[in-house]
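Visitor: This is what each chain is made of:
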Amino acid sequence: MRENEIESLEITLILDAIYSRYGYDFRDYARASMERRVKHYQKKSGYKSISEMIPRLLHDETFFQSLIHEFSITVTEMFRDPGEYRVIKEKVIPILKTYPYIKVWHAGCATGEEVYSLAILLEEAGLYKKTTIFATDFNDEVLETARQGIYKLDNIQQCTKNYQQSGGSESFSQYYHAKYESIVMDKSLKKNITFANHNLASDFTFSEMNLILCRNVMIYFNANLQNRALNLFDDSLLQGGFLCLGNKESLMFWDGNKKYHAVEGNSKIYRKLYLQEELSKLSR
Amino acid sequence: MNLLKNMSIKSKMLFVVLVVIFFDIISVFDMYFIEHINSNLNEIVDSESQKIILVYQVKGHLAEVNRIEKNLLIVTTKAEMGSLNAISLRNETELGQKLSQLRNMKLQESNQILINEFEIAWKTYIELLNQIDKLIKGLTSGATDDYNLTSLPDYNKIYSEAVSLSKNEVGTAYGKTSLLMDEVVTNVVEELSKRKLESDRNSHRAILIAIFLSALSILIGLYVGISITRSIATGLITMVNATDNIAKGDLETLIEIKSNDEIGKLAEATQRMQISLQAASKQASSQDWIKTGLMKLNEVIQGELELTEISNKIITEIANYLEAKIGAIYLTDTQENSLTLKLTGSYAYQQRKNLSNRFRSGEGLVGQAALEKTAIVIKNVPEDYIKITSGLGESLPQYICVIPFLFENRVEGVLEIGTLHELNTRQLEYLDQAVGIIAINIETARNRDELASALEKAQMLTEELQSQQEELKTTNEELEEQTVLLQQSEERLKAQQEELEVSNEELEEKNESLQRQKREIEEARKEVEQKAEQLTIASKYKSEFLANMSHELRTPLNSLLILSSMLADNKEGNLTDSQQESAEVINKSGKDLLQLINEILDLSKIEAGRMDINIEKIPIQEIADSIRNNFKHMLDEKGLAFEIKIDSRVPEYIMNDNQRLHQIIKNLMSNAIKFTKQGGITVEIKLPAENTKFTKSGLQAAKSFAISITDSGIGIPVEKQLIIFEAFQQAEGGTSREYGGTGLGLSISRELSMLLGGEIHLVSTKGKGSTFTLYLPIHLESPPTMISSKSKSSVTPYNDFHKYKPLPRSEITLADDRDKLDEDKQSILIIEDDTKFAKLLLDQCREKGFSGLTAVTGEAGLELAAKYQPSAIILDLHLPGIDGWAVLDTLKNDAATRHIPVHIMSVEDSTIEAFRKGAIGYLTKPVKKEELDEAFLRLEGMFSRRIKDLLIVEDNKNLRDSIVKLIGNGDVHCHEAETGSEVISELQSHRYDCMILDLGLPDMTGFELLKTLEQTNAVIPPVIVYTGKELSREEELELHNYAESIIIKGVKSQERLLDETSLFLHRMVDKLPEQKRKMIANLHDTEVIFKDKKILIVDDDMRNVFALSKILSDKGFNLLKAENGLKALAILKTETDVDLVLMDIMMPEMDGYEAIRRIRAQERYSKLPIIALTAKAMKKDYEDSIAAGASDYMSKPVDITRLFSMLRVWLYR
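Residue numbers (the numbering used here), protein chains in the order written: chain P, 1 to 284; chain G, 285 to 1497.
No lab work stands behind these hints, which were simulated from the structure alone.
Positions of the beta carbon are idealized from the N, C-alpha and C atoms, including for glycine.
One or more of the hints may lead you astray.
Not everything, but these chain P residues come out facing chain G in the computed CB check (under 8 Å) [unchecked claim]: (1) Ala32; (2) Lys48; (3) Leu251.
A few chain P positions that, by computed beta-carbon distances, are all more than 12 Å from chain G [what the hints assert, rightly or not]: (4) Glu5; (5) Val75; (6) Asp154; (7) Phe172; (8) Glu181; (9) Asp203; (10) Thr205; (11) Ile219.
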């Protein structure tokens, strides 16, 4: 066996170990990314080989927690890809307005910047008060950060710029309070956000949603898991509901893609079609 | 001795010295006295001995003189006489001297008298001598010196005179004087011994005195010495102890020595020293205290503390050290431009509303202190000042001290403390020094914080960069993967293109030669083709004829079968047993006939190439199982042994047409059973022997498998073995009589086997049995080249055939219900040229409560459909005039009839084509009774999908019109209503399929309307609320009890209204599949345990809540709903008889875990069954919900059967 084959086997073993011991299923995550993360962690924690970490992993939960932390890549910022927010504002919000009560699921919310961005957007559209946002992630640690809504001050200029580009009409500063080189998001924005742990690799649908955002999460999944996640979203979306993906993600390779259409050109925001399609399926 | 005590040590010492001196003096005197005695004695001895010496000297001289005188008397010459005279003179003089010396000495009176007497004696003596002398001299006066005196005349005379004189007088005088001298000596010796005695006595006495005095002085000395020593020693020991104490640091106990001596003074001095030491040590200890305090402070704030932490530690430490009761520390806020102080730490400080946590420079005492950079002290604290509070009460601090602390003359912050007592100087000094330390530490902490945050920032940036890098990498990989996929397909295409190009070139080359050959062949082919065509046409006609004959035969048989079956059922009970039996016989014969016709049809179909092949995956095991299941019964009945063997090398699956395969097996098996009376039948599924010879090209042993059926029956003679595969042939002419059957089975089987790409072999010995072996490819690639049923053969104009079909006799129609159509009744249009069957269907319609319409031609059918808009259509495909396919197309292409469900009933085999064209069901005639019932059920189910009437309730005319315009079309009939009362009457008189409701109506609100409607017995259609009103969550929930969907008016609302309306108009009554519904209905009857049980569903997922509540209320449960934990708790407060809670976990406001915990916290609900519902699948989530107090756990989406069994468990009492 060549060295890299052994290493690949080790990674398979460690992922199996994690699944069997803790129930977290990373086996269907993008393999190359997983390899990098595991190896990086191995180097960081000073183990000679990946398989040496397995016994510790099985017995030491904190070790596992920090590995999990290594696994979750939390690149995010307020109003990331402002163009998409503009599309949400122009194409999605008017339809959401026709619902008496709106449910939004932000799957894989990481540290929550984009959750608050959406809350701001909804607030400005006058919809926030009738919205419940479920912000979920499998990593409790980042979820806690999201729950607190405290972010570094240094990035705020970029965020403000993004906000303006997304078509924000107010002063961005009214949504946070700066203190000690940090900003804390306004309490009123947190009111209707429910932060919860949810794992796209193992958990199921939990409510019926008008809008689901899952951006730059599925790039870490392999095709299997991508399908699972998309089916989950499909099960959770109302007819006529919306699904927002990251700008490198696509429904192209998913079987259910016929049921969705992009709301605008190249945008990664899709709308679930009403059931004419379903009807014709029924009569068959 | 008190005297001694009061004496100073010096005096004491002096006293001792004096005593010693005193005794010394006495001793000296004593010694002197003794000495004196001695010297006296010596003096006496000396003077007395002198006297004696002098006496003896005098006596000597006297004797000398005497001797000389005598000598003189004998001298003869004047010279001799002269020298004797000189000597005598010297003696005389010396004697005189000595005598005067003696006389000068102290002499006893007796001796003086004696001396005096001696002198007199002496003088006498001398005069005598002198007289002699003069005598002698006179003799010698004229003589010469050498003259001999003897010669002188007188001489003898004078001489004799001088001698006489000397002999008398001088001797006497001499004697007398010498006696006197002896007397003197005796006197002196007497005196001397007398004196010595006396002196001895004195000296003895003196020695005694000396001894006594010495003893006395020793005693006194001892006593005084001891007592003094003791008094000094005691004092000193006390002193030593005292000084030891001092050395040990006890400065408080003063020395208690009251004596006046030096020790007393020493004690006094020591006391003074002690006092001054006390003062010094007090000074030192206060410094010490300060130092300790500062050290402690330093210790506390050591380490890398963060500002708040350090602030809290500082204030706590200082408050503790100063015993302050309250304290606060403010630090300058570096974020602010102006000097601002912010509360960062406190001690026993209670935040008060009107007190700020921030002070600007000069603001309040804190700000003022910072501004002035000096401490501010308040002694009488005002009443409304902050109070020191404890659990027991509160009090006002008496003393407030506000001190700024500076670093490089910059205010770092301010310290404020309140105490119950005034601070003393050392406390103040401590504070003063402490602030210095604090300032430095705060500054350090700030710097550290800054550094740390800079570091952290750097780390964050790195991490962020790493994350971004990771994301980029992953994104790239994803894109790469996609690119690779695309590239691969591109490469494939390129390769194919390349291949194509190459082959094109080759082909082109060959083309020309081929062209030539082709032309030649073409000509030959055309010839052959013509002949073949003629042949095919002939064969086709035959097959077509057979096929159509069968159809024609089946049509009357259709009615025959159903009617006889109905007769045999004897529903009305008016048939006698024998009549019923006859009906059964008719039915049975009909069925046999049908079988025969079917087989003919099959055969002809195969021959005509009109048999469809449907290739699918068939598990070998399934084949074996179905053989066993289908024939076990028959075998058992005949008492035949049976065995199925499967070769393990046979693959698990094969690809072929399952239905046809079973048909072949069925034929072979039926034959085997039919012709076997005893023994048994063995079925083997195996791989063919390698040397098997196939007659059909293409079948390879390696790629095929075999099913052989071996019986121990009558066998087939060799000469008959080929014949039996021909139609209507059996081995023995007579066998058909004996064994029955059509004799078509084997022909069909053979044809079918060919159709499936295989063949049948036969090995048989007459009388011993036969083995039929079916060989089939394991993987049937595609149907062998056969003419598909749908490809219209130019040779056989299938449809044309119908032109010959005579129009039915009862062209006019049956007496249907077209004149008495009821609006409330569903109507079904029957398009069927077989009037008997049409009549039968009509009866069935009526029986099931529908109105029926009939048409015997397609044209008439279309007319009726357009005119009466029936709810459903039953369509035959074989129709005179336009056929059923065309009717279906026309119906589906017309907007007015498109929505009507069409069910096909035809002698033709069901094809997917029918469904593709929009049919909802397909029945192949002849139809069995049960199939017919099922078809009607299906139609019934479809009625709800029919778009009927839509009621638009909206008081605004324009809006109403716009909705009508939006939705109204051929599919939807729009009715309008303006007021609530109008709606109520409308709904009572008319049935609607959907209602669009505006909430604001002139006479009542939508809520009221819906509630009123609920109380009337009107059928409420699905309601879509269309409103401009913003709804509260409660209102929304309430509306959801009646309304399917709620749309808020807005820019995009019309779009959604259209979508939602068509959604509900098209929707099935119940989304649940039939089977599931039945299952639930079944359960319904058996569960008494569920009756009237109260269940609280807590879930914010409306979809889930409504689905669950529908199912659960069907089961007899009473239901309560709550959308989150808080609402659930509120409900449980009033509804105390809840039997079970279904609790969702992920909810807004309050999640399930928390809700469960709070419910469990109430005593009365400690045993309430709570089932947690969650979308989470991990072990930990399960554990979490159990830990929170849930009784059980269920994953979403909810599995209904599991839920019921869980409910059964938890509701069991």
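Visitor: Does each hint fit the structure? Answer for all of them.
Guide: Verification of the supplied hints:
no., hint, in the structure
1, Ala32, "5 Å, holds"
2, Lys48, "23 Å, violated"
3, Leu251, "13 Å, violated"
4, Glu5, "20 Å, holds"
5, Val75, "4 Å, violated"
6, Asp154, "7 Å, violated"
7, Phe172, "19 Å, holds"
8, Glu181, "6 Å, violated"
9, Asp203, "5 Å, violated"
10, Thr205, "6 Å, violated"
11, Ile219, "5 Å, violated"
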